[in-house]
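Trainee: What follows is the residue order along each chain.
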Amino acid sequence: MKPRKMPGDLRPAAAFLLPNIIGFALFTAGPVLVSIYLSFTSWDALRPPHWIGLGNYERLFGFHATPEGWRADDAEFWRYLGNTFFMLLVLPLNIAGSLALALVLNQRLRFQAFYRLVYFLPSILYGVAIFFLWKYMFEPNYGVFNALLERAGLPPLRWLEDARMAKPALIFMMLWLTIGGASMIIYLAALQTVPEELYEAARMDGAGWWAQFRVVTWPALRPATFFIFTMGLIANLQWNFDVAYIMTDGGPYGSTTTLVFYLYLKAYRFFEMGYASAIAWILFALTLAVTVLARRGAGETNL
Amino acid sequence: MKFTARTLWHIPLLLFAVTMVAPLALMVTTSLGSGHIALAPGDPLWRIFWPREWRWHNFADVWRGNVGIDAKVLAQVDFVRYYLNSIVVALTVTVGSVFTSACAAYAFARLRWPGRDKIFLAYLATMMVPAPVTLIPQFALMKHLADWLATAVPYVDWSGLRYLGSSAHAPLVGRLVGLDSFFALIVPGLFSAYGTFLLRQFLLTIPRELDEAARIDGASHWQTFSRVILPLARPGLATLAIFTFMGSWSAVLWPVVVTNLESMYTLPLGMQEFQSQGGTQWNLMMGASLLVLLPVVVVFLIGQRSFIRGLTMGAVKG
Chain A
56 MKPRKMPGDL
66 RPAAAFLLPN
76 IIGFALFTAG
86 PVLVSIYLSF
96 TSWDALRPPH
106 WIGLGNYERL
116 FGFHATPEGW
126 RADDAEFWRY
136 LGNTFFMLLV
146 LPLNIAGSLA
156 LALVLNQRLR
166 FQAFYRLVYF
176 LPSILYGVAI
186 FFLWKYMFEP
196 NYGVFNALLE
206 RAGLPPLRWL
216 EDARMAKPAL
226 IFMMLWLTIG
236 GASMIIYLAA
246 LQTVPEELYE
256 AARMDGAGWW
266 AQFRVVTWPA
276 LRPATFFIFT
286 MGLIANLQWN
296 FDVAYIMTDG
306 GPYGSTTTLV
316 FYLYLKAYRF
326 FEMGYASAIA
336 WILFALTLAV
346 TVLARRGAGE
356 TNL
Chain B
126 MKFTARTLWH
136 IPLLLFAVTM
146 VAPLALMVTT
156 SLGSGHIALA
166 PGDPLWRIFW
176 PREWRWHNFA
186 DVWRGNVGID
196 AKVLAQVDFV
206 RYYLNSIVVA
216 LTVTVGSVFT
226 SACAAYAFAR
236 LRWPGRDKIF
246 LAYLATMMVP
256 APVTLIPQFA
266 LMKHLADWLA
276 TAVPYVDWSG
286 LRYLGSSAHA
296 PLVGRLVGLD
306 SFFALIVPGL
316 FSAYGTFLLR
326 QFLLTIPREL
336 DEAARIDGAS
346 HWQTFSRVIL
356 PLARPGLATL
366 AIFTFMGSWS
376 AVLWPVVVTN
386 LESMYTLPLG
396 MQEFQSQGGT
406 QWNLMMGASL
416 LVLLPVVVVF
426 LIGQRSFIRG
436 LTMGAVKG
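Line by line, the protein sequences give chains A and B.
Numbers 56 to 358, taken from our numbering, label the letters of the first sequence in order.
Numbers 126 to 443, taken from our numbering, label the letters of the second sequence in order.
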C-alpha cells in the first residue's frame, strides 16, 4: 500500500473530532485542571476562591495533640474512609457468589437461559426504583424483612435506622443487585474459553472437582476476575452516592456516608467546594492505588 | 427427561430464582394494594407473589400525582413532568453522545493525522479520572455560564426562566443555560471518552478494505462514514446506546447538583416527592417505581443481545 500524505486527513479529522473535542475540553479536560486548582483553595461558590496551598490536604490528613492523645483534624474523614472500605466488602462476596452461579449454570443444565435471565434481571433494573423497593422492604413497621423475622419468632430489627445494621443491610442489597449481573455473565463467557483438554488432563492425574477448580478453572478465569474486581472497585468507590442519597442520606449517624457522599455533603450542604475537590482527588488516588495493587497481585500470581 | 444427579441442581437453582424474583414480585403486589403492607401478619408467604387486591387505579393516581389516602388527596406530585424530563434528557443524551462518539471514533480509527495517538491517550487518561473530580468544576461552569454569556453576547436573556405559556411555578423549559436548564442536564452528557474508546475499538475490527473501496469509488469521508462505517458498526452503536440510556435514566448525582426547580427534576429526584408528604404511601411509591422501570425493561428486551455483548467486551478474550 502506498504511504499517504500525512496532513491529508487532518482537515476531515478535525471536522469529525470537533464536536467531541470541544465537549471533551469543556466538560472533562478543563474541569480536571480546574479541580486540581480548586483543591488548593478555599471556596464557598459565592466569593472568588482563595489560595491556601496544601491547607485542604493538611486538614484531611492532619493530626493534633489533645490531653487525651492525638486526634485527627477531620475525624469524620477517617470514619467515612473506613465506611468506604467496609462497603468494598460487597466485591469479594459478589465475585464468590457470581462465580458459584456461573459454575453451576455452566454444566449443561436444562432451562439454563431461563435461570440466567432471572438472575440477571435485578442488575438491569439498578437505579432509584430498586433503592426505594429495598427501603420499603427494610422499613421497620411495614417492611417484609421484619414480617419474616416475626414469623420466625425473632425480634424485629431497625435495619437502615440502626447504625450497626445499615452497612450490612446495604451490602446485602448490593449483592442481590449484582450477584447475577455483569460478573456472572462475564464468568459464564470466560468459562466457555477454558479448553476442555485441561480438565481431561487434570482428571487423568486423578484430580477431584476441587483440585480441577483450583488448578484449571481459577487460573483460567484470572483475567475475568481481575476485570470484574477492577470495574467493581471503580464503580463501588465512585458511584455508591445514589444508594446513600436515596436510602439513608448517609445516616444513621454517618454510618453509611462514604467518601463520595462526604464530598457531596461538603460541597453542596456546607459549601466547602475547595475541600470537596481535595476529597475528590483522594478518591482518585485511592482508585488508582487499589487498581495498581490488584494488577500487581494478579500479575505476581500469574507465573 | 433423564433423571441424573445433575437434575438435583434444579432445586437450589429454582429456590435461588424465587428469592431473586421475590422482591420484584413484592413491588408489583404492593403497587396493586391499598396500603403499606403487602404481607400482613397471618398472611401466607405466597401473598408476596399474588396480590390480594387489584387496584389498577393506583397507577392512575401515580400518573396524575395524587398522593393521598383513599379519595383524599394530600399532595400533588408532577409525575408526568418528571417522566417527560427524564425521557427528553435520556433520549437526547443517548442519540447525541453516540453520534459524537462515533464521529470521534472514526477520526481515531480511520484517519491519519499528526498528534492522533497523543490525543487518544489523553482521552484514555481521563477515563481513569472519577466523575466526582469533574463534578464541582462542571457545576461551577453551569452556575456562571449565563453571566459569562451575558457579558459576551448581551441582549439575550440567558438566565431567564422560559414559560411558554405555563406558569411561573413550573416553567416549561427551565432556563436557557446554567442551573435549572435542559442545557445543564443534557449537554455535559453529550460527550463521552468511554464511548469514543468503545467505538474506536469496534471500528478497528471492521475490515479497512470496505471503506477504502468506498473512498476509491469517490465517496467523501462523510459518505464513507455514514453509508459504510455506521451501518457496519450498528452492533457497537447499539451497545453504547443502551448503556448510555440506562446510565442517563438512573443518574442521580448530576441532576441533584444542577436542579433546584421541581419542574426540572428528572425521575430519580421526582420520585422522592412521593415520600416527603406525611410519610410514604408505599403502594403509590411502588407503582411509581414500576412505571420508572418500564422503559428500562423495554430497552433491555429490545437490545438484549447488544447489552450482553457489551458486558463481556474487553473482559473475555475470544
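Because the hints were derived from the structure by calculation, they are not lab data.
Keep in mind that the hints are not guaranteed to be accurate.
Unchecked claim - Below, computed lysine to any residue pairings styled on SDA-like, alpha-carbon distance capped at 20 Å:
no., chain 1, residue 1, chain 2, residue 2
1, B, Lys268, A, Pro103
2, B, Lys243, A, Pro103
3, A, Lys190, B, Gln397
Trainee: Just to be careful, I want the Cα atoms of Lys243(B) and Pro103(A) compared with a cutoff of 20 Å; is the pair within it?
Mentor: violated (34 Å)
Trainee: For a C-alpha distance cap of 20 Å, please report whether Lys268(B) and Pro103(A) respect it.
Mentor: Holds, at roughly 13 Å.
Trainee: Is Lys190(A) close enough to Gln397(B), meaning Cα to Cα at most 20 Å?
Mentor: OK: Lys190(A) and Gln397(B) at ~12 Å, within 20 Å.
Hint check: a violation occurs at hint 2 only; the rest are consistent with the structure.
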